[in-house]
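Protein chains: 6
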Amino acid sequence: MTEPSFAHLSESGQACMVDVGDKPRSVRTARAEARIAVGKPIADRLRDTGAIGKGNVVETARIAGIMAAKRTSNLIPMCHPLLLDHVAVTADWEGDVLRIESSVRCAGVTGVEMEALTAASVAALTVYDMCKSAGKGIVIESLRLLEKTGGKSGDWKAYSTESH
Amino acid sequence: MTEPSFAHLSESGQACMVDVGDKPRSVRTARAEARIAVGKPIADRLRDTGAIGKGNVVETARIAGIMAAKRTSNLIPMCHPLLLDHVAVTADWEGDVLRIESSVRCAGVTGVEMEALTAASVAALTVYDMCKSAGKGIVIESLRLLEKTGGKSGDWKAYSTESH
Amino acid sequence: MTEPSFAHLSESGQACMVDVGDKPRSVRTARAEARIAVGKPIADRLRDTGAIGKGNVVETARIAGIMAAKRTSNLIPMCHPLLLDHVAVTADWEGDVLRIESSVRCAGVTGVEMEALTAASVAALTVYDMCKSAGKGIVIESLRLLEKTGGKSGDWKAYSTESH
Amino acid sequence: MTEPSFAHLSESGQACMVDVGDKPRSVRTARAEARIAVGKPIADRLRDTGAIGKGNVVETARIAGIMAAKRTSNLIPMCHPLLLDHVAVTADWEGDVLRIESSVRCAGVTGVEMEALTAASVAALTVYDMCKSAGKGIVIESLRLLEKTGGKSGDWKAYSTESH
Amino acid sequence: MTEPSFAHLSESGQACMVDVGDKPRSVRTARAEARIAVGKPIADRLRDTGAIGKGNVVETARIAGIMAAKRTSNLIPMCHPLLLDHVAVTADWEGDVLRIESSVRCAGVTGVEMEALTAASVAALTVYDMCKSAGKGIVIESLRLLEKTGGKSGDWKAYSTESH
Amino acid sequence: MTEPSFAHLSESGQACMVDVGDKPRSVRTARAEARIAVGKPIADRLRDTGAIGKGNVVETARIAGIMAAKRTSNLIPMCHPLLLDHVAVTADWEGDVLRIESSVRCAGVTGVEMEALTAASVAALTVYDMCKSAGKGIVIESLRLLEKTGGKSGDWKAYSTESH
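Residue numbers (my numbering), protein chains in the order written: chain H, 155 to 318; chain F, 155 to 318; chain P, 155 to 318; chain X, 155 to 318; chain G, 155 to 318; chain S, 155 to 318.
Be aware that one or more of the hints could be misleading.
Intra- or inter-copy, both count: the list cannot distinguish identical chains.
[To be verified] Subject to a maximum C-alpha distance of 25 Å in a straight line, what follows is the list of computed DMTMM-like cross-link-like pairs (lysine to aspartate or glutamate):
1. 290 <-> 176
2. 177 <-> 309
3. 290 <-> 301
4. 194 <-> 309
5. 311 <-> 202
6. 194 <-> 246
7. 311 <-> 301
8. 306 <-> 248
9. 311 <-> 246
10. 290 <-> 250
11. 306 <-> 173
12. 290 <-> 309
13. 306 <-> 246
14. 177 <-> 246
15. 311 <-> 295
16. 194 <-> 173
17. 177 <-> 301
Just so you know, the hints here were simulated from the structure itself, not pulled from any lab data.
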């Protein structure tokens with residue numbers, strides 16, 4: 155196995171932005187997910203009030219995730235600013251786990267993995283915030299990239315993207 | 155078991171900020187963690203270059219986490235703005251898992267759980283960003299509150315705060 | 155009638171922040187409204203889908219307004235930063251006019267009129283954005299302060315706060 | 155008349171960003187206005203000090219409006235980030251009404267209506283802020299789009315763009 | 155001479171925020187200056203149009219400086235957020251050098267030196283931006299703290315605060 | 155000598171953004187520097203701990219500078235938003251002067267001089283912040299553009315870019 159390479163580190167080990175000036179512009183997409191174990195009482199309450207379909211905890215989380223995706227380069231130090239063409243955040247249940255999925259699309263010179271992860275992460279934190287008065291033990295039990303397409307490094311997909 | 159209550163939802167189910175105008179000012183603290191499964195090759199490389207002790211992946215992540223904590227109320231819709239007295243972010247290894255821990259302190263009228271979670275989350279995403287050229291399969295396998303102190307709801311501690 | 159005075163202008167006419175260092179801390183509230191004439195077809199469509207009660211145009215607008223209130227001092231050059239205790243945004247219909255009302259509360263040294271107006275304004279702009287594909291002729295036909303309480307200048311109420 | 159369509163709402167009624175990835179890049183412009191009824195005493199004072207021509211209330215408002223246009227996508231949840239080519243804000247009097255007019259230009263995949271409206275709105279709020287010590291009854295009596303050009307939906311002009 | 159101490163570095167040399175939770179709240183002030191050598195042609199032009207007294211280069215710079223002071227904790231990683239009571243930025247000429255002076259006041263637990271320096275710095279950069287089409291060789295030839303008062307470390311004054 | 159022209163001022167002297175809609179897209183670069191006279195005791199301490207090579211004062215400053223470059227158009231009122239392709243910040247010693255150098259690259263319609271100057275400025279302010287507990291008399295003794303390339307106005311280089 156070859157050594158892993160760190161594009162954001164200079165020869166001397168300093169953090170740096172990658173120079174993307176010579177990269178071709180192409181369509182990039184990425185999907186990420188956050189799985190929030192809210193516990194049965196909160197899951198029941200959220201489901202009872204229809205909160206997932208059209209309710210307000212999830213709707214607020216979705217909006218927060220979309221807005222956060224647009225600010226990714228302000229949060230993640232070495233991220234390039236990008237003009238996102240599309241951001242979507244959805245939510246569904248797997249038992250008592252609320253699964254947030256984000257997808258991002260852009261025509262640009264760098265990928266949108268960080269934007270998808272930031273959207274999923276802030277949406278999940280918003281769910282936590284909206285539910286924390288009902289239980290502080292909520293755990294975001296995974297936050298990960300599901301898939302990316304486009305760019306020099308090509309397409310990539312997590313081994314198991316829908317369940318694990 | 156009583157019904158869980160959602161302080162951020164109005165009677166009619168709309169998202170709203172809690173009115174904290176009558177809450178007393180007191181010292182609040184919170185600690186949160188994010189556990190990043192980077193995989194052995196990346197973990198080895200990060201350890202080899204001393205990157206955890208004083209290196210740049212972790213240092214960049216720590217700084218990003220501290221800066222993000224200060225912007226929590228801009229990211230999480232119903233969070234109150236707070237004047238944070240202290241934010242710290244540390245990192246240590248558990249096998250090939252890089253564990254980020256944040257701690258936040260404030261004298262105010264609302265808790266700092268969201269600030270601690272935001273710091274840990276953005277620090278973890280920064281690690282992902284700095285390492286993603288070496289492997290996209292990095293997973294943030296948990297993001298959770300470890301402990302909080304202060305406020306009307308009192309102190310709270312996760313069952314197992316150091317390992318699980 | 156005495157000359158109107160402009161607290162934000164120096165003797166020589168330069169824009170400046172008022173020094174609030176000697177003002178006492180007290181509870182301040184403000185309410186503002188924006189009236190959006192959306193026209194009958196859009197009003198009917200919004201009402202049909204129950205969009206006001208729990209729907210997504212208004213819910214998105216409410217969240218945008220609450221978030222904007224927290225950023226008022228970043229938008230309005232001479233505004234002081236404040237720690238808001240509460241922000242609420244509601245919506246109701248008067249015929250085909252969607253009326254947005256914001257209310258803000260803070261214990262501080264300056265009033266929260268600008269925060270209430272900013273919340274109402276950004277909520278109204280968000281309604282416009284969400285509906286503009288259905289008709290660009292939507293007009294925000296008034297944006298104004300309804301009431302304020304607290305502070306040295308005391309309480310103030312618009313002549314007609316509920317209809318005009 | 156056909157049903158109005160809401161591009162920002164999904165089939166199931168959730169707020170979402172429009173995917174602009176397939177839209178062609180073209181020149182877009184938009185003009186918007188805000189009319190601020192400041193009342194005679196304030197209007198006289200602003201005019202006496204030449205404040206409109208080169209003065210500071212209006213100059214501060216113009217700058218605030220220009221800066222706000224650049225942040226539109228951070229304020230309006232479903233707005234796409236854009237690289238604005240030009241933003242201008244002007245002011246003139248119609249009796250005791252201060253009329254703010256913004257114009258925005260961009261070569262991009264979405265229109266700049268929201269940027270023009272945001273600029274006019276924040277400029278008007280800044281006038282309010284700078285004058286509110288002289289009278290809280292100032293009313294922004296209309297905030298609306300005057301004209302847009304470019305894009306798939308073509309050009310659009312308000313019925314009466316200069317007076318009403 | 156004793157070793158200089160770095161309050162923002164931990165024992166192990168990592169960057170960190172100072173914990174100000176136990177510091178008493180007191181009035182803090184700071185003044186800073188930036189001296190911009192614009193060269194004679196630009197200085198003459200700025201003076202001819204009265205640009206310093208009420209003109210637009212300096213007025214824009216003043217406003218930019220005031221707004222930047224409010225964002226200091228977003229720019230400087232280890233700075234604490236503060237509720238500023240007052241920010242002022244003035245400008246005067248020393249020959250062909252435009253001298254920007256900022257002053258900041260706050261009742262809080264940390265000093266406002268960084269806020270004053272940030273205000274002076276961004277005001278000076280704005281002057282550069284407004285004048286750069288007329289000459290790129292403009293140099294900000296000093297940026298420094300002039301004075302601070304309040305806090306545990308007490309008052310401090312630069313040796314020569316008005317000329318050098 | 156011809157009159158200097160101010161691209162950001164309108165005929166009537168009002169601050170305005172330049173319309174760049176007709177400018178061709180081309181590669182732009184800029185380099186800027188900030189020279190920080192920290193004094194011998196602080197310089198020695200920073201050097202002893204290897205702080206320049208891999209240490210934390212400089213690393214924090216570098217990251218702050220890179221992040222600030224991305225926010226230039228939010229800080230400098232008349233700056234256009236840009237999609238930066240690359241930002242780098244380095245530091246080296248000249249005696250007891252810490253020299254920060256920034257370089258920025260972009261393919262766009264306006265130059266990146268302000269981005270380079272903002273990066274250098276905020277990096278220098280961060281050094282000040284990290285060291286101020288050890289001595290408030292630190293002076294940023296120059297902040298200037300070193301070089302720019304690209305754009306209609308062509309290439310430009312300061313007379314002496316490496317020492318003075």
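Outcome of the hint check:
Taking the shortest alpha-carbon separations for residue 290 and residue 176, only the inter-copy value of 22 Å comes in at or below 25 Å, while the best intra-copy value is 47 Å. With identical chains, the CA atoms of residue 177 and residue 309 are at most 25 Å apart both within one copy (16 Å) and between copies (23 Å). Proximity of residue 290 to residue 301 under the C-alpha cut-off of 25 Å is restricted to the inter-copy arrangement: shortest distance 9 Å between copies versus 31 Å within a copy. For the homomeric pair residue 194 and residue 309, the shortest alpha-carbon distance between copies (23 Å) is at most 25 Å, but the shortest distance inside one copy (37 Å) is not.
For the homomeric pair residue 311 and residue 202, neither the shortest alpha-carbon distance inside one copy (34 Å) nor that between copies (29 Å) is at most 25 Å. Proximity of residue 194 to residue 246 under the C-alpha cut-off of 25 Å is restricted to the intra-copy arrangement: shortest distance 15 Å within a copy versus 32 Å between copies. Within a single copy, residue 311 and residue 301 get their C-alpha atoms as close as 4 Å, which meets the 25 Å cut-off; across copies the closest is 35 Å, which misses it. Taking identical chains as interchangeable, the C-alpha atoms of residue 306 and residue 248 are never at most 25 Å apart, the minima being 35 Å within one chain and 33 Å between chains.
In the homo-oligomer, the alpha carbons of residue 311 and residue 246 lie at most 25 Å apart inside one protomer (20 Å), although the nearest pairing across protomers, at 29 Å, exceeds that limit. In this homomeric assembly, residue 290 and residue 250 come within 25 Å of each other (Cα to Cα) only inside a single copy, at 15 Å, whereas the closest approach across copies is 28 Å. When the C-alpha separation of residue 306 and residue 173 is checked against a cutoff of 25 Å, the pair qualifies both within a copy, at 14 Å, and between copies, at 23 Å. For the homomeric pair residue 290 and residue 309, the shortest alpha-carbon distance between copies (11 Å) is at most 25 Å, but the shortest distance inside one copy (38 Å) is not.
When the C-alpha separation of residue 306 and residue 246 is checked against a cutoff of 25 Å, the pair qualifies neither within a copy, at 32 Å, nor between copies, at 33 Å. Taking identical chains as interchangeable, the C-alpha atoms of residue 177 and residue 246 are never at most 25 Å apart, the minima being 36 Å within one chain and 30 Å between chains. Taking CA atoms no more than 25 Å apart as the test, residue 311 paired with residue 295 passes in both settings, with 20 Å inside one copy and 17 Å between copies. For the identical chains of this complex, residue 194 and residue 173 are neighbours neither inside a copy (47 Å) nor across copies (28 Å), given an alpha-carbon limit of 25 Å.
When the C-alpha separation of residue 177 and residue 301 is checked against a cutoff of 25 Å, the pair qualifies both within a copy, at 21 Å, and between copies, at 24 Å.
Of the numbered hints stated above, those contradicted by the structure are hints 5, 8, 13, 14, 16, listed in ascending order.
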